[in-house]
Amino acid sequence: MEDKEERIETPLVAIVIDATPAKKFASQAIIDNGSTMMNRIFDALIGFGNAHLMQGSHNKLAVIACNSKSTKFLYPSENGDSKSYHNRPGQYDMFAKVDSDIRHGLSELILKDSIDHDSTTSDSLLGGAMARALCHIHKIQRELSLSHQLKPRILVVSGSSDSALQYMTFMNVFFTAQKENVVIDCCMMDSDSGLLQQGCDITGGQYLRIPTVVGLLEYLLWVFLPGPSCRSKIVLPPPTKVDYRAACFCHHKLVDIGWVCSVCLSIFCKFSIICTTCNTEFKLNRPAIVPSKPKKRPRME
Amino acid sequence: MADEEETNEYRWESGYEKTWEAIKEDDDGLLESNVAEIVARAKRKRAALKATGAIQLGMMRHLFVVIDASECMFLQDLKPTRFLCVLKLLELFVHEFFDLNPISQLGILTTKVKRSELVTALAGNQKKHIEALQQMKDTSCEGEPSLQNSLERAMNGLKNMPAHSSREVLVLFGSLTTCDPGDIKKTIKSLKENNIRVSIIGLAAEVRICREIAKRTGGTYNVLLDDHHLKELILNQVQPPAVAGSMEASLVKMGFPGGKTGSGDGASDSAADHAPAYCLCHIENETSCLMGNNSGYNCPQCGSRYCELPVECKQCGLTLVSAPHLARSYHHLFPIKPFIERTEVPEMTHCFACAKPFGELDPNVYECENCKQIVCLDCDLFIRETLHTCPGCASDPITAQMKTN
Numbered sequence: 018m019e020d021k022e023e024r025i026e027t028p029l030v031a032i033v034i035d036a037t038p039a040k041k042f043a044s045q046a047i048i049d050n051g052s053t054m055m056n057r058i059f060d061a062l063i064g065f066g067n068a069h070l071m072q073g074s075h076n077k078l079a080v081i082a083c084n085s086k087s088t089k090f091l092y093p094s095e096n097g098d099s100k101s102y103h104n105r106p107g108q109y110d111m112f113a114k115v116d117s118d119i120r121h122g123l124s125e126l127i128l129k130d131s132i133d134h135d136s137t138t139s140d141s142l143l144g145g146a147m148a149r150a151l152c153h154i155h156k157i158q159r160e161l162s163l164s165h166q167l168k169p170r171i172l173v174v175s176g177s178s179d180s181a182l183q184y185m186t187f188m189n190v191f192f193t194a195q196k197e198n199v200v201i202d203c204c205m206m207d208s209d210s211g212l213l214q215q216g217c218d219i220t221g222g223q224y225l226r227i228p229t230v231v232g233l234l235e236y237l238l239w240v241f242l243p244g245p246s247c248r249s250k251i252v253l254p255p256p257t258k259v260d261y262r263a264a265c266f267c268h269h270k271l272v273d274i275g276w277v278c279s280v281c282l283s284i285f286c287k288f289s290i291i292c293t294t295c296n297t298e299f300k301l302n303r304p305a306i307v308p309s310k311p312k313k314r315p316r317m318e
Numbered sequence: 004m005a006d007e008e009e010t011n012e013y014r015w016e017s018g019y020e021k022t023w024e025a026i027k028e029d030d031d032g033l034l035e036s037n038v039a040e041i042v043a044r045a046k047r048k049r050a051a052l053k054a055t056g057a058i059q060l061g062m063m064r065h066l067f068v069v070i071d072a073s074e075c076m077f078l079q080d081l082k083p084t085r086f087l088c089v090l091k092l093l094e095l096f097v098h099e100f101f102d103l104n105p106i107s108q109l110g111i112l113t114t115k116v117k118r119s120e121l122v123t124a125l126a127g128n129q130k131k132h133i134e135a136l137q138q139m140k141d142t143s144c145e146g147e148p149s150l151q152n153s154l155e156r157a158m159n160g161l162k163n164m165p166a167h168s169s170r171e172v173l174v175l176f177g178s179l180t181t182c183d184p185g186d187i188k189k190t191i192k193s194l195k196e197n198n199i200r201v202s203i204i205g206l207a208a209e210v211r212i213c214r215e216i217a218k219r220t221g222g223t224y225n226v227l228l229d230d231h232h233l234k235e236l237i238l239n240q241v242q243p244p245a246v247a248g249s250m251e252a253s254l255v256k257m258g259f260p261g262g263k264t265g266s267g268d269g270a271s272d273s274a275a276d277h278a279p280a281y282c283l284c285h286i287e288n289e290t291s292c293l294m295g296n297n298s299g300y301n302c303p304q305c306g307s308r309y310c311e312l313p314v315e316c317k318q319c320g321l322t323l324v325s326a327p328h329l330a331r332s333y334h335h336l337f338p339i340k341p342f343i344e345r346t347e348v349p350e351m352t353h354c355f356a357c358a359k360p361f362g363e364l365d366p367n368v369y370e371c372e373n374c375k376q377i378v379c380l381d382c383d384l385f386i387r388e389t390l391h392t393c394p395g396c397a398s399d400p401i402t403a404q405m406k407t408n
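Residue numbers (this note's numbering), protein chains in the order written: chain V, 18 to 318; chain W, 4 to 408.
Any given hint could be a false lead.
Stated by the list, open to error - Some chain V residues near chain W, calculated using beta-carbon distances under 7 Å:
id, residue
1, Asn-189
2, Thr-193
3, Ile-227
4, Phe-288
5, Thr-297
Please keep in mind that the hints were generated in silico from the structure rather than gathered at the bench. All figures in this text were calculated on a predicted structure; none of them were measured in a lab. Don't be surprised by glycine CBs; every beta carbon is placed ideally from N, CA and C.
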């Protein structure tokens, strides 16, 4: 595969983890050997990250986590200081580093969030995390020498449903990813997300909603570990039909036929005289009504 | 009389530009930081030239491209010939145009032998235009161009377009003469009456009539310096232009096919929606593709099937688009404010967006006004040119809300 070009293929996987606690784990009980569902999920993700690093010596990894309060780079660690990690003898050093960085980073993120208990109401900041992932990919691309060819992709692991308020951020991220040839894959745990489905379709990635969270590692290794170049050779879950309808700006419900303002391109479900976004008045196709002159009443003196 | 000592020397006399003097070694004898500074300054200057502001942009554009196919286009001052160079750049232009203006339409005209011909009519499908441009490589360039004929033909095509769209013509003119049947000033007057903006790119030298046409109709006229400059000039036309004067705004009815059924809006899900059908976009050729179940898009108003979007439904006239097509243009409407340049801030050791540690090569860092996060120069350019979203603002729960609400 690499004979024609002398460039070394360097796959880079950026895992974006949505660590919003509330919805995912409200119904999950602690299972068998005492580890909670959350631990299992993070174990699975670290396992997947290490499996990717194991595929080739040049492979790169980046992990970013987010919740409803902030986003954080877990690996490479944000502060640059590597905490001391304990690696088992014979274990590849990098795996231990990845493991320790991710666990430390996640615990910091969750502890920071636990002070304020409003996190159940606001939406997860997935858009911001994906934007940071793209900037990181852009940086790695710049820093890599010409003999390497970067093949970047983003894997989003989330359990939250869509937030209509972050629509602009998500669409900007998807178009940027399409332009930079970054494939966005998505592994949804609890609910479906129409926006992420659109993103996977736009960039040519794989969208999967897994039925049981316990088998997360198996789904990740089966579906998401092979890169886009190998995916044509294996049989993957069938693509979902993406709902490309737009949501109207007034009620946020999906419309089949809508009215679009020609100035600002905002979508409305009903014809109206004025656009609420750009405040332009629309020309109405009605014959002009001649205003009648107000009659002056004769004054009674 | 001896003006060798005069500071304002002509270039050919002896005043060479001593470009090597711009680079100086710093204290340690290293050139790296100096070179990096020059590169950074050049990058920032390029980015700052783009104007941001709340100006009204013409989003729905109907553009005619007029290509000069006269004898002078066989000259080889642009390699391999002017004509082939222009065609290659126009392929790139068509691709970028539909990328940035997905709901716009483009048409191509050529002018030669004192006449003008229509190559492709106004359409929103980029493949057709790119194929037409590739087939044009074999046509011969002969005769003299006619500006008036081509402008009249473009005007006939644009006259009937709805008033809320931005009507434009882009002329790539390589000749120094034009052979017109009538008075071109009348054409200019009617172009102005129809609100058509004509922009001209000259490939040879500045021609006075071109300057006048561009000025009167509100377009731009530029003459290229070399082929890189030509590419820049052509790609400048991709950006939606600011609306000069009043453009009538109206609500355009558009359809969004491809939705899941059972939306409950009154449209019943008949079996015909998913049955195999021929697509209407190719039905006049023999290459009409048979769309299987669940592939292709159904027009929500009349139910006819199309294989790709955006398209204007041939049966009921409804424009069909998908939501990402409109969303592509939204970043023009919500531009992000330029970041403030600061010298290094000691408490932030890493760029917020890419986690790169700030080193000596980054003399300046950039701060966002809203979220106060610091990013490096490369991330600043990436955010401004490609991403159009500040990662700091998107990572802050308060500012992550969409402003249209």
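> Checked against the structure, which of the hints given earlier come out wrong?
Replying inline: Hint 3 alone not satisfied by this model.
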